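> Starting from the known structure of chain A, fit chains B, C and D onto it as the hints suggest.
Chains as they are written, first to last, in the numbering used here: chain A, 1 to 282; chain B, 1 to 282; chain C, 1 to 254; chain D, 1 to 254.
Please note that a few of the clues may not be correct.
[Unchecked claim] Mimicking DSS-like on lysine-lysine, the simulated pairs with C-alpha atoms at most 25 Å apart in a straight line are:
| hint | chain 1 | residue 1 | chain 2 | residue 2 |
| --- | --- | --- | --- | --- |
| 1 | A | K137 | B | K137 |
| 2 | A | K137 | A | K66 |
| 3 | B | K66 | B | K137 |
| 4 | B | K66 | C | K127 |
| 5 | A | K66 | D | K127 |
[To be verified] Which residues of chain C face chain B? A few of them, derived with a C-beta cut under 10 Å, are:
| hint | residue |
| --- | --- |
| 6 | L69 |
| 7 | Q95 |
| 8 | P131 |
| 9 | A133 |
| 10 | G134 |
| 11 | A141 |
| 12 | D162 |
| 13 | G180 |
No lab work stands behind these hints: they were computed from the structure. Everything numeric in this text was worked out from a predicted model, so none of it was measured. Positions of the beta carbon are idealized from the N, C-alpha and C atoms, including for glycine.
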Amino acid sequence: MILPLDRAVRELVHDGDTVAMEGFTHLIPVEAGHEVIRQGRRDLTLVRMTPDIVYDRMIGAGCARKLVFSWGGNPGVGSLHRFRDAAANGWPRPLELEEHSHAGMANRYAAGAAGLPFAVLRGYAGTDLVGRTATIKPITCPFTGQELAAVPALTPDVAIVHAQRADRDGNVQMWGITGVQKEAVLAARRALVTVEEVVDDLEPVPGQVILPSRVVTAVSPAPGGARPSYAHGYYVRDNDAYRAWDAVSRDRERFTAWLNAEVLGAPSGPDAGPDDREEQTA
Amino acid sequence: MILPLDRAVRELVHDGDTVAMEGFTHLIPVEAGHEVIRQGRRDLTLVRMTPDIVYDRMIGAGCARKLVFSWGGNPGVGSLHRFRDAAANGWPRPLELEEHSHAGMANRYAAGAAGLPFAVLRGYAGTDLVGRTATIKPITCPFTGQELAAVPALTPDVAIVHAQRADRDGNVQMWGITGVQKEAVLAARRALVTVEEVVDDLEPVPGQVILPSRVVTAVSPAPGGARPSYAHGYYVRDNDAYRAWDAVSRDRERFTAWLNAEVLGAPSGPDAGPDDREEQTA
Amino acid sequence: MTAADPLPFTADEVMTVAASRALADGTACFVGIGLPSTAANLALRTHAPGLWMIYESGTLGASPDALPLSIGDGELAETADTVVPVTEVFNYWLQAGRIDTGFLGAAQIDRFGNINTTVIGDYAAPKVRLPGAGGAPEIAASCGRVIVIVRQSRRTFVERVDFTTSVGHGSGPGDRERLGLRGAGPVQVITDLGVLEPDPGTRELVLTRLHPGATAEQARAATGWDLAVSPDLAATPEPDPDELAVLRSLTGRG
Amino acid sequence: MTAADPLPFTADEVMTVAASRALADGTACFVGIGLPSTAANLALRTHAPGLWMIYESGTLGASPDALPLSIGDGELAETADTVVPVTEVFNYWLQAGRIDTGFLGAAQIDRFGNINTTVIGDYAAPKVRLPGAGGAPEIAASCGRVIVIVRQSRRTFVERVDFTTSVGHGSGPGDRERLGLRGAGPVQVITDLGVLEPDPGTRELVLTRLHPGATAEQARAATGWDLAVSPDLAATPEPDPDELAVLRSLTGRG
Chain A
1 MILPLDRAVR
11 ELVHDGDTVA
21 MEGFTHLIPV
31 EAGHEVIRQG
41 RRDLTLVRMT
51 PDIVYDRMIG
61 AGCARKLVFS
71 WGGNPGVGSL
81 HRFRDAAANG
91 WPRPLELEEH
101 SHAGMANRYA
111 AGAAGLPFAV
121 LRGYAGTDLV
131 GRTATIKPIT
141 CPFTGQELAA
151 VPALTPDVAI
161 VHAQRADRDG
171 NVQMWGITGV
181 QKEAVLAARR
191 ALVTVEEVVD
201 DLEPVPGQVI
211 LPSRVVTAVS
221 PAPGGARPSY
231 AHGYYVRDND
241 AYRAWDAVSR
251 DRERFTAWLN
261 AEVLGAPSGP
271 DAGPDDREEQ
281 TA
Chain B
1 MILPLDRAVR
11 ELVHDGDTVA
21 MEGFTHLIPV
31 EAGHEVIRQG
41 RRDLTLVRMT
51 PDIVYDRMIG
61 AGCARKLVFS
71 WGGNPGVGSL
81 HRFRDAAANG
91 WPRPLELEEH
101 SHAGMANRYA
111 AGAAGLPFAV
121 LRGYAGTDLV
131 GRTATIKPIT
141 CPFTGQELAA
151 VPALTPDVAI
161 VHAQRADRDG
171 NVQMWGITGV
181 QKEAVLAARR
191 ALVTVEEVVD
201 DLEPVPGQVI
211 LPSRVVTAVS
221 PAPGGARPSY
231 AHGYYVRDND
241 AYRAWDAVSR
251 DRERFTAWLN
261 AEVLGAPSGP
271 DAGPDDREEQ
281 TA
Chain C
1 MTAADPLPFT
11 ADEVMTVAAS
21 RALADGTACF
31 VGIGLPSTAA
41 NLALRTHAPG
51 LWMIYESGTL
61 GASPDALPLS
71 IGDGELAETA
81 DTVVPVTEVF
91 NYWLQAGRID
101 TGFLGAAQID
111 RFGNINTTVI
121 GDYAAPKVRL
131 PGAGGAPEIA
141 ASCGRVIVIV
151 RQSRRTFVER
161 VDFTTSVGHG
171 SGPGDRERLG
181 LRGAGPVQVI
191 TDLGVLEPDP
201 GTRELVLTRL
211 HPGATAEQAR
221 AATGWDLAVS
231 PDLAATPEPD
241 PDELAVLRSL
251 TGRG
Chain D
1 MTAADPLPFT
11 ADEVMTVAAS
21 RALADGTACF
31 VGIGLPSTAA
41 NLALRTHAPG
51 LWMIYESGTL
61 GASPDALPLS
71 IGDGELAETA
81 DTVVPVTEVF
91 NYWLQAGRID
101 TGFLGAAQID
111 RFGNINTTVI
121 GDYAAPKVRL
131 PGAGGAPEIA
141 ASCGRVIVIV
151 RQSRRTFVER
161 VDFTTSVGHG
171 SGPGDRERLG
181 LRGAGPVQVI
191 TDLGVLEPDP
201 GTRELVLTRL
211 HPGATAEQAR
221 AATGWDLAVS
231 PDLAATPEPD
241 PDELAVLRSL
251 TGRG
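The following block holds chain A by itself, in its conformation from the complex:
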């Protein structure tokens, strides 16, 4: 259940998989994304509401065949240049897009988590997304006759999220902004959770979300694994790194050099062994 990150990614993430990595600004599983890059996964369908820099890197590294998303930007900074380059120019390979709104994506995860084939929302009406996205269809309320939008459930092969803590049985605890992580994990066939630390007991925390171990396939210690995003109670968001990414990612050569130096050149999961875990206080 508790596995080093490199082994967990090797066992859980396969070429061609649909992979959902979630975390809404907070707790983004960046280190896990780097490990997917290091292991050279290809043809992934990447699912995520806000692709953020983790998907920008994975797309730039050539892992992705398709992106299912709702907002592809660098929050507070600007564009995701690797995403744009792939979407517009097919570099390093063409990227198919399936785009929704946040409301649609959140409801698609919720439907997946609930074992339903689709979700219903008041959404998309009058927008050009309706014509462009095949996974938006009208549905009529059988009681009132109102027309609403239906979207199909998301059921990824694997969900990857980052959390503050897990216990040794693999129960996961996260708090602060918890986004759609619970739904993503419950919607997926397999789930990998990287954590800041593994502890003996999960002392209850206000606002916590618990993922019981039976819905978690593997937990991998990855202290700092959400950087440059943040882990509430552990470290803050590195806004400078987000700003710096803009320049790095604008240029293919500079990006490639960065990737070689910072991801591919780095040892696989440096802090990922359970024995390397530092004690950190929440």
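Chains B, C and D alone, transformed into the frame defined by chain A:
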């Protein structure tokens, strides 16, 4: 915003209203139900997953015209005799029934809270509820062709729940088993929350649910207001009172005597004034 | 039971122990109040310390010290891995197919394991108005398998239920699939006399096991249809002393 | 702005102050990052201490000490009345119609206030690939009213958006109602030059207000359609010193 219970019921609950009083075993708004009886409300459509003894009393007192529910028993004890007498014999007045499953009721509240006209679930298939309950209809997934069940949103005129605490602005805090209270409050046009105590600050508690004051029409102090059910952190469930209710409620005369002595004879909201509030620790 | 020589345990105790033994360690179990809760708590304290109990009030992974009277006792919330809203219990856990075993009781059960907990008699003018559906229809639909615990009598074991609150095997083979019900449905009906299981071909409930002291004739006499008896009719092993001791400490019977 | 005499504030500051003033105390506001967040935080610290800010990350009633860079900064969670899952933000709060005001930005906006944040050019072969929809389509649909904040230029203010990401007033009167959109849609488009509002009859955006130093000619020149000017064209009052001081303490500009 913070009102004595008698005044809050007078202002928020009217004859003919659809009233949802929720609390799943825990935090049942019993004292508020008694106040509705004392004020002689009539023709109410009572909505509740588990009618429990609070609705048994309100039905026996003649407040209800219709019951929308999923399980009408005395938990761990047996039948609700006033409910049975009204349903089978029309005493003290006929009671129309609209029955669902728990899953259906929970999803009906969730649809109401979400501003949707209906909810979709895997439910009811093959049961005789489909033929008996007009508010169950088939719906087809526009992506897979699977047939599922649709149920209309619940949008009560007023929701009444009990919570541990509120602050002086009317923000409400509850914890422990919180059932469908959030959904019931959000689904309703008006919401009345009785609380164990009003405090200056809502110290965060693990597992808490917060109802922001803007969705709460009135808060009424009612210490002990969930008895004989319980308020986590305040007092435990009075199982003997549930057992004792069986004998009291079996017989119309004995019930009527009980009602006169314990509810109608009691002063309106004895503990309901903010100044009478006892300090209790959570 | 009417055995001449009184057994050192009651029929309810045998039922509860039999139900407890049906719960494998590490599985997830949707627990209702009464005998199911007693059985699950017994299993947790004997052979299945890793049994994961869900109560419909929202407590996931509860392990109460004492037996709860209701499905929402405070003890359940305090000992649970987590407490979730009722919507999540039904949507994210039950409907999503994450529960291995569901327990159901019955006011009536028929030869195909369909269950009535709504009304005896006509719906509009019932002889007995029962509590209704609660969580049962979806437990019956979506749990991996269902175990029914109910005392056996002609009044309860009927040819056809007056009202189908929860679908067992419908009218026979293929019905669950046609209805889109994803769990296996009732795989065991545990009574005070023995155990009935659906015939793999016809889906009709067949007596497959007898509790100590009970006879097939008793079981047939307590059944409102022509109850078939399995050619491989087995005997329920007696409750062992440890099971009885734990059970009695739970129920407060010495 | 190109006024000869430099004003003691920038065009962005006027925009932000104008947006801030549009937020009434006690109302609920769905806040996006950037100028909207700055405007809402300014309102909270000046005339609207009871403004209730929702960020789409799930923080309800946030009151951050500093201006967040993202919609999910830790500060938002720490100061919020409560943090809820993203599903609840969109379903229980936005879709249910509980938000009075939503802010939107735009890469393109057209004469009927429709907004494009998806692509410039053809969808299949875009000139510019933009971030996409995010929360905008449902904010535009379900907030009580929408305020758009966007710098005015011919590139942005176009006759017809290349892609309708979020519906404003569609093609004119009755379109929102036909589409089942329950909010009033864009009621103000606040630019660096002034404010545009939909004509009550035609729903076409009309220049109704000019910021200090700006002219109607400038606004018309910065608009890709034949921008109508209201006969009651008003002037935005200058930001007052307190507003500027608070704004600059927020943005770190002295």
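> State for each hint whether it applies.
Tested hints:
| no. | hint | verdict |
| --- | --- | --- |
| 1 | A:K137 / B:K137 | 20 Å, holds |
| 2 | A:K137 / A:K66 | 21 Å, holds |
| 3 | B:K66 / B:K137 | 21 Å, holds |
| 4 | B:K66 / C:K127 | 20 Å, holds |
| 5 | A:K66 / D:K127 | 20 Å, holds |
| 6 | L69 | 4 Å, holds |
| 7 | Q95 | 5 Å, holds |
| 8 | P131 | 4 Å, holds |
| 9 | A133 | 4 Å, holds |
| 10 | G134 | 4 Å, holds |
| 11 | A141 | 6 Å, holds |
| 12 | D162 | 9 Å, holds |
| 13 | G180 | 6 Å, holds |
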